[in-house]
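Letter by letter, the chains look like this.
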Amino acid sequence: MRIRILLAIGAGFAMLSIASLANAVKPEDNQATREKGKQIYDRACLLCHGANGKGDGPAGWFIGRYESPRPRDFTGGSYKFRSTPSGELPMDQDLFRTVTQGIPGKMPPYGGLSEEERWQVIAYIKTLSQAFKGAKPTALVLPNPPGPPSDAGIENGRKTYIKYGCQNCHGDNGYGDGKEALDGNLKDTYGLMISPGDLTERASLKNGSSAQALYRSIMTGLDGTPMPSYADTIGGNDKDVWDLVYYILSLSQERQ
Amino acid sequence: MGRRGMFGRSAMSVQALVRLLSVAVPVVMIGLACWSPLLAASQPGAEPDGTVVKAPASQQMHGLAPGPPAKFRRPREVVPSVAEPQAEFPGLTVSQPGSEAPPTRSAFSESTGPVIVGRVLYRGLVPFPTQIQVNRDLDVCGATMSMATLSVDAATHGLQNAVVHVEQGAGEVSARIIAATPVLVRNKGCRFHPHVAAAQMGAEVQIFNDDPVMHNTNIIVDNSTALNVAMVAGGNPIKKLLKRSGLHLVKCNVHKFMQAYRLVFDDPYFDQTTETGQFSIAGVSPGLHRITVWHETLGMMEKELQVPARGTVIVDLEYK
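Just so you know, the protein sequences line up as chains R and U, in that order.
Each residue of the first sequence is one higher than the last, beginning at 2 in the working numbering.
Each residue of the second sequence is one higher than the last, beginning at -9 in the working numbering.
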């Protein structure tokens, strides 16, 4: 009897241990980790992001020379793809997501690196900006999507699209042809021209095209670009935001 | 007696217990080993390397929460001291930890410490305001916008909306906050109000949209986004703390002609010129200081200034 109980407890611990292995892969952020991260950076990232992380690697010379986006300047401590409020540093998990998934049309996914190697390179990238030193960014609450969208919800999403001024940049029908875009008024923080995402083309959604990724982009904004954060000004109006998310997703479904 | 009796019941049960322990103990240890990174990561306030991040000293003194994080502190900033300015300027009201309200500008001007008063002058040609054609939301913004970036008082040549700052040497920055009043960015009539303002780091910026159209308030510092928030018509106002020092360029991407400036300093030794170009800065420590002037179109100007222990220093700063 006792043996069974103990075996059951032991098996429980073993299962929990296996379940926690995915997180256990993240190595401790110490000197050895950062040095390994630099070795990976030098062979995987340097070409675009440059030897010192200023986004001025040999390939960066012609990537986005006259139009945004350029390769990220890691020394600035400002990131587009975050789960944190506007102007804040990203969470480690945000950097991990970008490294793993890449940026459609811009940066390849680095799933070819092991999880441990991706965490190591992230530990190194964070040393390139003083802003990370002692910083404790806090993520916004990003809930899971509600159930499947209704016709009425998508209709409300269309109204929200206009109310939130999305058409100013993304155009009346989401083609990225809003008046500000066509007039060439949209610039990034370096003064380079930048094009808004074509919402009818999911590959144009650089921060991800899932419902949750769209929700995240709307709430956090994309720092460095004209895309603002809506979290504070519409806080508490979750239903409208989800309706807007499903409306945007419906635009690309129509095209497929 | 009892313990002996418990363990000495039979040889069989002892053997079984030993066997069980030999299986259970390693399993438990493996489980705990795999959990430990998770446990360490979940400890609030602890870095992966075990360091604990403390709030900056100035933030602790003034009870500003969450206040400016250490990441945006400039290297030249030093840990503020409450005791020093009290000793040097006994007439000053110095904010103590937990005190109700920090001193205001008027409190400084009433002090017996040195006061720098002066004017910023411009005797050059003043261009007529530029008329800009508005391309959207004409009913709210109007068909044209008159943009005057240079405002000079005809009688005194005083330049408005220049920002004067007295730089302190290392170790001379006091812990005083110049004013508890928040820095406003009001979207009204497709303009930012006020056009120029100066503030101390750690102050709150409050953003309002009074217009029935959508704006966004995109604040850029050193080519990176400090804050970019959508200001939906009828939406909530935004309240955030100023976490970076330097020139804050405020833009609206929906209305490209909307632009404003906020200058944020690490210390309280600054002032913005009035309509007649006047400014007043109190509480500066005696000695040689560099005084800088910023204006949105005339640029930066600087001058060395000797500040005595007491009295008023009068200085005219002229853009040539």
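Be aware that one or more of the hints could be misleading.
Rough simulated footprint, nothing fancy, chain R against chain U, three-plus residues with beta-carbon under 8 Å [claimed, not checked]: (1) 107 to 118; (2) 204 to 212; (3) 215 to 224.
Hints listed in this document are in silico derivations from the structure and should not be mistaken for laboratory results.
For every residue, glycine included, the Cβ atom is placed at its ideal position computed from N, Cα and C.
Hint by hint, which ones does the structure fall short of? Violated hint: only 1; rest satisfied.
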